[in-house]
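Chemist: Sequence:
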Amino acid sequence: MIGTIIGAIIAGLIIGALARLVLPGKQNISVLMTIILGILGSLVGSFIVYQLGYNNSNGGFEIIPFLAGVVLAAVFIVIYERMTGRKGVNHA
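Counting in numbering that gives the first Met the number 0, the sequence shown runs from 0 upward without gaps.
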């Protein structure tokens, strides 16, 4: 049980960090919120992918749910920034 929680936190950190990297500019959110939104993106992304019929019959790393998690975490970061009124800095 504790290993699952630690794994979810590490996955959330990785997915949240990747989501922040794909977004333009600087996101003004904490590391804790990055982890939370990364975990949320991973869970929702995986759920949607599997509901659409994804099957990893070959085994190995499941890239489609991972990418869906990164995309949804990025969306959640944008939504969070807009809801809290935090503005990132664009370096255009």
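Among these hints, one or two may not hold up.
Simulated DEER-style distance windows between Cβ atoms [claimed, not checked]:
(1) G6 / S29: 17 to 23 Å
(2) G52 / T83: 18 to 24 Å
(3) P23 / T83: 29 to 35 Å
(4) F60 / V30: 21 to 27 Å
(5) A16 / G84: 33 to 39 Å
(6) P23 / L66: 15 to 21 Å
(7) N54 / V21: 34 to 40 Å
(8) L20 / N57: 24 to 30 Å
These aren't lab readings, by the way, just hints derived from the structure by calculation. Because the structure is a prediction, the values reported are computed rather than measured. Where a beta carbon is used, it is the ideal one built from N, C-alpha and C, also for glycine.
Chemist: Against this structure, judge whether each hint is valid.
Modeler: Hint check results:
At roughly 21 Å, the beta-carbon separation of G6 and S29 lies within the given 17 to 23 Å, and the hint holds. Checked against the hint of 18 to 24 Å, the C-beta distance between G52 and T83 comes to roughly 36 Å, which is inconsistent with it. Here the CB-CB span from P23 to T83 is close to 18 Å, at odds with the stated 29 to 35 Å. Roughly 25 Å separates the CB atoms of F60 and V30, a value that falls within the hinted 21 to 27 Å.
Against the hinted window of 33 to 39 Å, the Cβ-Cβ separation of A16 and G84 comes to about 23 Å, which falls outside the hint. As the Cβ distance of P23 to L66 is approximately 19 Å, the hint placing it in 15 to 21 Å holds. For the hinted restraint 34 to 40 Å between N54 and V21, the CB-CB distance of approximately 26 Å leaves it violated. L20 and N57 have their C-beta atoms about 28 Å apart, which keeps the hinted 24 to 30 Å range intact.
Consistency with the previously given hints fails for numbers 2, 3, 5 and 7, ordered from lowest to highest.
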